[in-house]
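> Residue numbers (the working numbering), protein chains in the order written: chain A, 247 to 522; chain B, -1 to 266.
No wet-lab data here; the hints were simulated from the structure. Be aware that a few hints might be false.
What the hints assert, rightly or not - Derived DEER-like restraints, expressed as beta-carbon distance ranges: (1) Pro488/A - Gly51/B: 27 to 35 Å; (2) Arg354/A - Val173/B: 27 to 35 Å; (3) Arg8/B - Ala313/A: 57 to 65 Å; (4) Val149/B - Pro357/A: 19 to 27 Å.
Said to hold, decoys possible - Among chain A residues calculated to face chain B with C-beta under 10 Å, some are: (5) Leu288; (6) Leu300; (7) Asp305; (8) Arg306; (9) Ile307; (10) Gly399; (11) Ala402; (12) Phe424; (13) Val427; (14) Asp428; (15) Thr432; (16) Ala435; (17) Val450; (18) Trp451; (19) Ser452; (20) Leu455.
As the structure is a computational prediction, the values presented were derived from the model and not from experiment. We treat Cβ as the ideally placed atom computed from N, Cα and C, and that holds for glycine.
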Amino acid sequence: MSDLSTRLSSRTAPYRAVLASRMRSQRSHRASFRVDLLSSVLVGVVELAEVTVLYLQVDRIGGLDLAAVLLVFAISDTGFSLADMVAGHCDTIPTYIRAGTLDVFYLRPQPLLLQLMTSDLQLRRLARASVGVAVLVVALVVNDLTWDAATIGLLALSLVCAPLTFAALFVWAAGAQFFLVDGAETTNAFVYGGRYAATQPATVWSRPLLVVFGFVFPMAFTAFLPVVTLLDLDGASRLGLPDWIGWTAPLAVVWAWALAALSWRLGVRHYQGGGG
Amino acid sequence: MRDTGRVHWRLLVAGFRRQSTYRLAALGGLVANTTFGFLKVAILFAAVRAAGGELEGYDIGAVSAYVWISQAMLGSVNLNGRTDLAERIRTGDVAVDFLRPVDVQGAFVATEVGRSLFAFLPRGLPTLTIGVLVVGVPAPDDVAAYPLGAVSVLLAITVSATTVYLLATAGFWLVETRGLQVLYMIVSGFFAGLFLPIWFLPTWLYAVVSATPFPSMLMYPADILSGRVDGGGALLHVLVQAGWLVATVAAGQWLTRSGRRRLEVQGG
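Can you build the whole structure from these sequences, using the hints too?
Written as structure tokens, this is what we have:
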């Protein structure tokens, strides 16, 4: 057992060293760090406003009321912020490719994806997640929840699955960047469009949107479907899905990561090097 | 006077041409604009239906027009605050711009407007076409909406350029304006009416929003072209836009002059 833990600690040592250096470097520029923190929180607040303003106008949209949509927003936004912190900067690959610096990553004895993830881990993104967590607390109070094992289990499950699904989306996008060096906005359409979609009730979507953001990129599984199962709303049945569908969020994680792994593999294999 | 006009025209054409080399980027922009367009249509249609067919003066047709016109303009108005000029001020390269016999603000705005006008070809028109074909966008009742709308779009593009110019000139004092630019990006989209028509906002927030130049960059031309306002209302929108143009140009001139005195060239 102690053998295993020493092995584990020696294997993770390089990552810990890199991460600690990132933390220190960000704390050293205090003024810009504060502006960054402030803007990160503001992003969250504006996104919350976009969603809630509409629900203040009418009682229900797509079967959700304001309280329910707060819960959907909280889970998807927390999930997206955490994933963004860990994997969001992976889509800077085109910058590395253009500058020819991606080749440097290949020379180091660490997996490429892990190096990319630890290359720009930013503390300010935690501030972004704090908006989601704050809304989550409010949402858990204002919704009429019976606190039993099923409620806690489903909440915990969705809070684990949402960041994993979004992280897979970032990795998928990073893999696609190898092909679309100049077309980053194409993947952004699905990454940021996916974030936007995840805060909406899937019941308002047209068929094609349901295919793209319900199943290909399983955004409906991050928050909407777990919430309608949790609150016992008719959202799932409106889509022709069973009411327990919220419990299948882990399947969405598996599917999303399969897609991400494929995209990343193809991308890395496609990359020919910057020459030099 | 005629010479300066010709220089600015050339810069405008150069901005237009430069943009035409990024074809894949333009296609990416089109995919992003239409994807968000469909998502916005879904939620706003549902909201209007939930309100009984009309919400703050918007019916289904008006919402569709708002979504697709604003998505089509998105590639042409600068709502992210990013400019080459900010970088040139940071590094001190802007000193070279001051040596040229062309007004720095005028040159920047002409190039920006050229770039923005080009964006209508690969991004704006196809986005609108997809919206018209797939979702359906009603035409405005009043034919005057077209010429007035065209003027309004041009004003929107120019106001967005003169406003991001102000943002960049903050660099004369702050040097690093990246944080400011991120703040700008967050506020401008929301205030310009990118996510929701600003008429949906609570009264107090609407009052704050209308005291900024942001609605002039997107909401007002969308209102005119969708036929939500016509006649006197449309004319008033255009006048407000023109007012913001004059104000931002004047502020830009003043900031450029005082910034030039502050300018410390890094190295060399």
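> Are the hints correct? Go through all of them and say.
Cross-check of the supplied hints:
no. : hint                            : result
1   : Pro488/A - Gly51/B: 27 to 35 Å  : holds, 32 Å
2   : Arg354/A - Val173/B: 27 to 35 Å : holds, 33 Å
3   : Arg8/B - Ala313/A: 57 to 65 Å   : holds, 58 Å
4   : Val149/B - Pro357/A: 19 to 27 Å : violated, 56 Å
5   : Leu288                          : holds, 5 Å
6   : Leu300                          : holds, 5 Å
7   : Asp305                          : holds, 7 Å
8   : Arg306                          : holds, 6 Å
9   : Ile307                          : holds, 5 Å
10  : Gly399                          : violated, 30 Å
11  : Ala402                          : violated, 28 Å
12  : Phe424                          : violated, 13 Å
13  : Val427                          : holds, 8 Å
14  : Asp428                          : holds, 4 Å
15  : Thr432                          : holds, 4 Å
16  : Ala435                          : holds, 4 Å
17  : Val450                          : holds, 4 Å
18  : Trp451                          : holds, 5 Å
19  : Ser452                          : holds, 6 Å
20  : Leu455                          : holds, 6 Å
Hint violations for this structure: numbers 4, 10, 11 and 12, all remaining hints satisfied.
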